[in-house]
Amino acid sequence: MGWLRQIYRANEKKVDAVASVILGIVAWDIVDGLFIDNPLILVGPSRIAEAFMNLLARGEIARHVYATFVEFILGYLVGVVIGIGLGVLMALSRTAKDILNPWVTISYNAPIILLAPLFITALGVGIASKIAIVFIGAVFPVLFNTYTGITTVDRRLVEAVRAFGGTGRQIFFKVTVPSALPLLMTGLRLSVGRAIIGAIVSEFFGSRAGIGYLISEASEAFRTADAFVGVVLLAIGGYTTFELLKYAERRIAPWYEYRV
Amino acid sequence: METPASKLVVRNLRKAFRSQRSEESVQVFEDISLEVHPSEFISLVGPSGCGKTTFLRILDGLISHDDGEILLDGKTVIKPGPDKGFVFQDSSLLPWRTVMDNVILGLELQGVDTREARRKAGGYISLVGLAGFENHYPHELSGGMQQRVNLARALIVDPQVLLMDEPFASLDAQTREIMQAELLKMWNQTRKTVIFVTHQIEEAIFLSDRVVVFSARPATIREIVKVSIPRPRSLSVKRTKEFLDLADRVWSIIQDEVLKSMGREREEGMR
Ligand SMILES: Nc1ncnc2c1ncn2[C@@H]1O[C@H](COP(=O)(O)OP(=O)(O)OP(=O)(O)O)[C@@H](O)[C@H]1O
Ligand SMILES: [Mg+2]
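Protein chains in written order, with the working numbering: chain A, 1 to 260; chain B, 1 to 271.
Just to be clear, a hint being listed does not mean it is correct.
Stated by the list, open to error - Partner residues are not named here, just some residues of chain A that face chain B (Cβ under 10 Å, in silico):
{"no.": "1", "residue": "Ala17"}
{"no.": "2", "residue": "Leu157"}
{"no.": "3", "residue": "Phe164"}
{"no.": "4", "residue": "Thr167"}
{"no.": "5", "residue": "Gly168"}
{"no.": "6", "residue": "Leu181"}
{"no.": "7", "residue": "Pro254"}
{"no.": "8", "residue": "Glu257"}
Hints are computed from structural coordinates only; laboratory data are not their basis.
We put the beta carbon where it would ideally sit given N, CA and C, even for glycine.
Let the hints inform the model, and build the full structure from the sequences given.
And the structure:
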């Protein structure tokens with residue numbers, strides 16, 4: 001048994017996390033099967049798995065995941081590009097900052113997602129309105145983190161490069177950009193969740209496919225297990241993207257946690 | 001007018017910092033003149049806040065001065081460049097670059113081909129005793145090793161003058177002594193002109209040909225103490241009578257200045 005304990009010690013965190021998830025699922029299934037045997041109120045993992053297989057066989061999973069993924073990725077990419085662009089602009093130009101700041105602050109703090117129905121009225125139930133809503137979710141964390149990354153660059157590093165004859169351009173690309181990168185990566189990561197919520201909510205308000213559509217349509221038809229399949233798909237998608245970006249962050253800026 | 005024997009000439013330097021909000025200004029230098037010979041090792045000591053760092057930054061061309069003249073090899077200093085090497089007090093290494101890529105920075109900024117720069121850097125990394133650490137990141141190095149990288153980064157551009165701002169201040173006493181001895185060894189090999197700022201009087205004496213003592217702000221040169229201890233020096237000279245007498249002398253000069261500046265700070269604090 002000694003070797004088992006050793007393996008546990010080495011991977012304590014991972015083992016604990018996996019065990020916790022498995023236990024939770026089992027408990028959920030037991031409560032569902034034994035105590036609340038009503039699929040309208042609660043569906044357990046086995047029923048969800050069953051519903052998943054059914055939907056998968058009918059090609060529904062692929063259809064919905066694809067629709068949501070396309071909305072997500074397009075809105076997210078536009079959000080990232082514009083977020084980085086505006087963040088850089090606001091960090092480098094006082095005038096740009098003074099002009100844009102009130103708009104950015106208002107848009108960030110207002111729950112714009114609630115305007116989703118208006119977007120759909122204006123842009124239709126097609127993909128354009130979805131991309132717009134995803135964009136709004138994604139753009140701000142990227143913008144703020146880009147801005148903060150650039151404006152909080154260590155002045156000692158700037159001075160060091162300047163002392164060796166670095167030009168403004170060289171300082172920007174050799175100091176400012178690399179030192180802003182970790183925060184930018186954090187922004188990319190934080191905006192994933194908001195972008196996914198944007199995609200789902202926009203689908204709630206009018207669509208013909210997508211995970212949000214699956215959830216809302218299944219709930220209305222009392223197909224609770226199908227709705228849960230949608231939720232599980234979202235959880236898996238969100239978690240995977242988040243972890244991938246976290247991994248990329250550590251790979252790109254391994255020095256970040258050691259900076260002084 | 002300047003004799004060709006002078007590497008660096010500072011004449012009637014004046015500098016004040018004006019604050020952006022108020023009309024107040026801080027006069028840092030009233031009137032500083034100094035001539036440094038080629039291959040001379042000069043140390044700069046003086047009370048905290050008297051303007052030593054500011055002096056180096058002006059010599060490098062990082063900031064402007066109000067009046068006076070600075071000539072390096074007879075040419076007016078206007079901006080930073082490869083003719084000057086700067087070694088900063090705290091780690092100013094780029095944390096995302098390896099030792100190798102930090103060292104080549106100065107060459108890279110001049111547009112030297114990276115491969116060529118790396119080839120050249122190898123020699124300087126060995127010179128500062130870091131062979132084998134080329135691919136380490138700054139956070140993987142001790143404070144002493146980081147300062148060696150800082151030194152190699154300044155030496156590789158083959159500067160006419162090396163400006164060092166308390167490079168050993170954050171090191172523990174033992175590492176500091178080792179670094180002093182090694183710096184002298186390297187200086188013997190390269191014979192650079194060095195301006196070395198420090199708070200430690202014995203460090204100043206041990207390293208230098210002359211020790212320049214700044215007065216409290218507004219700073220003037222209070223005195224220049226010549227150190228005639230023969231070279232090469234080993235750490236044991238720090239215990240000779242000649243050395244201790246010199247240290248006493250510098251200390252007594254600096255003492256009134258430190259007291260003066262402390263008195264003024266207290267006044268400023270009360271206002
Ligand atoms: N950029 C600046 N703007 C305004 N005042 C400044 C600036 N840099 C330095 N000063 C002021 O100039 C004076 C000299 O500062 P400096 O850093 O050169 O002193 P120092 O001799 O290097 O001090 P220390 O021994 O503590 O390193 C100080 O009073 C400081 O507050
Ligand atoms: Mg200083």
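Here is how each hint holds up against the structure:
no.	hint	in the structure
1	Ala17	violated (28 Å)
2	Leu157	holds (6 Å)
3	Phe164	holds (4 Å)
4	Thr167	holds (8 Å)
5	Gly168	violated (12 Å)
6	Leu181	holds (8 Å)
7	Pro254	holds (8 Å)
8	Glu257	holds (9 Å)
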